[in-house]
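Trainee: One-letter residues, chain by chain:
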Amino acid sequence: TQLLEQSPQFLSIQEGENLTVYCNSSSVFSSLQWYRQEPGEGPVLLVTVVTGGEVKKLKRLTFQFGDARKDSSLHITAAQPGDTGLYLCAGGPLANAGKSTFGDGTTLTVKP
Amino acid sequence: GAVVSQHPSWVICKSGTSVKIECRSLDFQATTMFWYRQFPKQSLMLMATSNEGSKATYEQGVEKDKFLINHASLTLSTLTVTSAHPEDSSFYICSARGWGFQPQHFGDGTRLSIL
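From first to last, the protein sequence lines are chains E and F. Throughout the first sequence, residue numbering follows this note's numbering, covering 14 to 125 in sequence. Throughout the second sequence, residue numbering follows this note's numbering, covering 150 to 264 in sequence.
Bear in mind the hints are in silico, worked out from the structure with no lab data behind them. We put the beta carbon where it would ideally sit given N, CA and C, even for glycine. Among these hints, one or two may not hold up.
Stated by the list, open to error - Distance windows between CB atoms, simulated:
#1 F/Glu-208 / E/Ser-20: 42 to 48 Å
#2 E/Gly-65 / F/Asn-219: 35 to 41 Å
#3 F/Asn-219 / E/Pro-125: 41 to 47 Å
#4 F/Pro-157 / E/Gly-95: 24 to 30 Å
To be verified - Straight-line C-alpha distance at most 20 Å; calculated SDA-like pairs for lysine to any residue:
#5 E/Lys-112 / F/Val-160
#6 F/Lys-190 / E/Val-123
#7 F/Lys-190 / E/Arg-49
#8 F/Lys-190 / E/Thr-122
#9 F/Lys-190 / E/Gly-53
Produce the entire structure from the sequences given, and follow the hints as far as they go.
Mentor: In structure tokens:
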């Protein structure tokens, strides 16, 4: 069974601060996705990383996939209240019709 | 692109009622669809995986006779909660994935409240 450990579980910061969320596993994944979910809505895909060592940037968000494709991080620069939400990482399946493995999520609150 | 529509968004009904939730991929063919249940401030709990034209694969502890899943086409999957009871009240979310190692795209969820 593949497991993804996500940390921290809860994070409350002031507007303008930086933060990093981690997603770690002992298993190799074909790809890794990051999602953000707001209350009462479904998760929205932020990024997919596929290649070991890959770094992708989405405005103030920087995503990195570990060299061995076992871990990933999400760094947010100068957080804003609009970044508040539940962040989920998901490891892609190794088989074509297989299921993804989701982390337990990080609940981020950015206070104005 | 990659839009998934889930309907209804909110259901309130009496105990004993059966409720059907639809999940549609609007602009891509979903070879695999997933159904999740989510409790407040928690991550997603996978209930079942369905591949088009095949029987759904249920996760351990999920009653297949209670949660009926049909994936009859490449754009539609349905989850029917049969004889729902208050303990079935939850937020149900579907997701869909195209062929290959594509990421999952999620619907907006259905809030189910059983009185």
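Trainee: Any hints this thing doesn't respect? Which numbers, in order?
Mentor: Violated: hints 1 and 5.
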